[in-house]
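Q: As they're listed, the protein sequences go chains A and B. Just so you know, the first sequence maps onto residues 1 to 323 in our numbering. Just so you know, the second sequence maps onto residues 1001 to 1318 in our numbering.
You can trust all of the hints, since none of them are fake.
For each label pair, taking beta carbons as the anchor points, the in silico distance ranges come out as:
(1) B:1073 x A:124: 56 to 62 Å
(2) A:107 x B:1035: 20 to 26 Å
(3) B:1075 x A:139: 36 to 42 Å
(4) A:46 x B:1035: 47 to 53 Å
(5) B:1035 x A:123: 43 to 49 Å
(6) A:57 x B:1225: 20 to 26 Å
(7) A:218 x B:1194: 57 to 63 Å
(8) A:126 x B:1245: 44 to 50 Å
(9) A:57 x B:1087: 41 to 47 Å
(10) B:1309 x A:307: 49 to 55 Å
(11) B:1226 x A:294: 54 to 60 Å
(12) A:279 x B:1008: 57 to 63 Å
(13) B:1008 x A:240: 44 to 50 Å
(14) B:1298 x A:279: 45 to 51 Å
Keeping only pairs whose Cα atoms sit at most 25 Å apart, straight-line, the calculated DSS-like set for lysine-lysine is:
(15) B:1181 x B:1257
(16) A:196 x A:225
(17) B:1221 x A:51
(18) A:320 x A:218
(19) B:1256 x B:1181
(20) B:1159 x A:51
Simulated from the structure, these hints should not be mistaken for lab results. We put the beta carbon where it would ideally sit given N, CA and C, even for glycine.
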Amino acid sequence: MPRITMRQAISQALWEEMERDERVFIMGEEVGIWGGTYAVTKGFYDHFGEKRVRDTPIAEAAIVGAGIGAAMAGLRPISELMTVNFAFSAMDHIVNEAAKMHYMFGGQMRVPLVIRTVGGGGRQLGATHSQTPDAVFAHFPGLKVVAPGTPYDAKGLLKAAIRSDDPVFFIEHATMYQVRGEVPEEEYLVPIGESKIQRPGRDATIITYSKGLDWSLKAADQLAKEGIEVEVVDLRTLRPLDMEPVVASVQRTNRAVVVEEGWRSYGVGAEVAARIQEEAFDYLDAPVLRVAQKEVPLPYNRTLEQSALPQVADVVRAVKEVL
Amino acid sequence: MEKDTHLDIYHQMVLIRRVEERATELYQQGKIGGFLHLYIGQEAVSTGLVAARRPQDRIITAYRDHGVALNVGIPATQVLAELLGKATGMSKGKGGSMHMADVERNFWGGHAIVGAHLPIAAGMALADQYSGSNGVTICMFGDGATNIGFFHEALNLSKVWNLPVLWVCENNRYGMGTAVKRASAVDEIRQKANGYGIPNAAVDGMDVMAVRQAAGEALEKIRAGEGPFLLEALTYRFRGHSMGDPERYRDSSEVKKWQENDPIGIYRAYLTAEGLAIEPELDAIENSVEEEVQAAVQFAESSPEPAPEELFTDVYAA
Ligand SMILES: Cc1ncc(C[n+]2csc(CCOP(=O)(O)OP(=O)(O)O)c2C)c(N)n1
Ligand SMILES: [Mg+2]
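The shape of chain A in the complex, shown without the other chains:
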């Protein structure tokens, strides 16, 4: 199987879906002539033309709002938000329109829209450009939220998102575009709403997703050298949340650590820990621990920034604590 980068995997997913379905088109800031600020849509403008690869004004509400309208009218738009930090300018359309349209009109309308965006810190971009607010978006029923951690999942989930009849908020990670992984040549989809065991183990369960998967797998490697075998469950989709593999794993290992890049309070870890105690309380031999970002706006200074972000060592420490 070819090993390709996350960037290539995402790019392939978009390309293949645009080739497959005339109704699929991309709009966003710098997606066309520039080729995408993360070079994901490089070459698309020349191949598909300006009708289907649409550069927009810097107007996030219009990018998402027009995506919603076009989706309601039968197209399959991909609205790209340059980074998730700018999604706040489109928050009303994500939360009050996309997520509610189907329910509020009694099922009359559908919003088959993908909002593609990029999150994550660690690049010294300062507090406004470094956020991982995934949990915020996962709060709203009606929206699906996907955040893949491998090229394989990114490609399969993005293709599934484009074919979905519901609005999907698809979060890529800014520091993972160069991550490589095996991706088959043949067509495949990864269903939205299924967690997956990325590494089996018996001693403890790490529940994570996106960039957290990278840290968790590295921590698992280190721990293995000490004879500790952790199981790593990748959520992949934050809403709807598939707890089944998590609960099954915790029932085997009796110990759990949740690893995420976002802030600890009200985060993904808080939700997963609550669900574990609701669904597997009797199996737990230790409190569920959380590894997450310190509760500060992310600073510019490299040392300070890194000390605010979760590190592999933090994951190792947390696992040892629950053992």
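Following the hints, complete the assembly by docking chain B with the ligands onto the known chain A.
A: Leaving out everything else, chain B with the ligands in the frame of chain A:
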């Protein structure tokens, strides 16, 4: 215009008025919850727009949406059932007064966040342009909505992409209790379109024929590929913003003055003066509307509540 069309327009305007008068009573009886924004006084605007549109033209509006709902032909039974939160409402009782829609009739809601449906309208117009349909999207909104960013993002985008959209501002002089002059840098709203290079016009929003005429001309220009157009309909809401509005922001003499300009009265006078209808015909319409609304209220009141399992349906399409 055919005589039947005139009588149909008259019927629609009277129907909106009577449905809302009955809704007011039902609200006072506690049978309608939440907000209830009446369209009374503004009937000529939506009626004129819907009379001017072709079947392929979409229409989308804000929360003051009972008028459009009835104009596009949603039966009064379904409108009243939705107001009562019944399973037989067009949104299954899940939307309420502010969220009426009928996709089959090309009516796309009923949107309760001020201005938020303008970018959505641009997107629907984009879809029609993209797929080569010659439909135009008619997007209605209040004067207050022209002060929020969504309006400006949507107008700009519509011009940049030459989208087939007719922007219709219903300038009823107030956004809740705030007069246009106190909230908008320009009180002639249509001037805002100039900043985006969008051609525009004002129309007497109390005169249904004038609205129909102006909208018809604008729609044909847009259909011919000339891009977006903004129409400012000068109108007035006769009732409070919603139920329970103390109306401290305006004099009752001002309201009285506007009520002399009742859009239904103006149209009735026009029809008889032009010899398009005689008084008994119009009286007969009024009477048949009374019966229609009476039956619709009965239908709505005797309709079932949504089934408990409806709570969890329609969260996702798939
Ligand atoms: C974004 C937003 N802010 C505030 C409100 C509360 N609100 C509802 S209607 C309204 C006034 C809108 O006035 P206008 O656009 O002129 O419409 P009209 O009610 O006169 O038809 C306000 C402030 C809202 N629904 N949405
Ligand atoms: Mg107003």
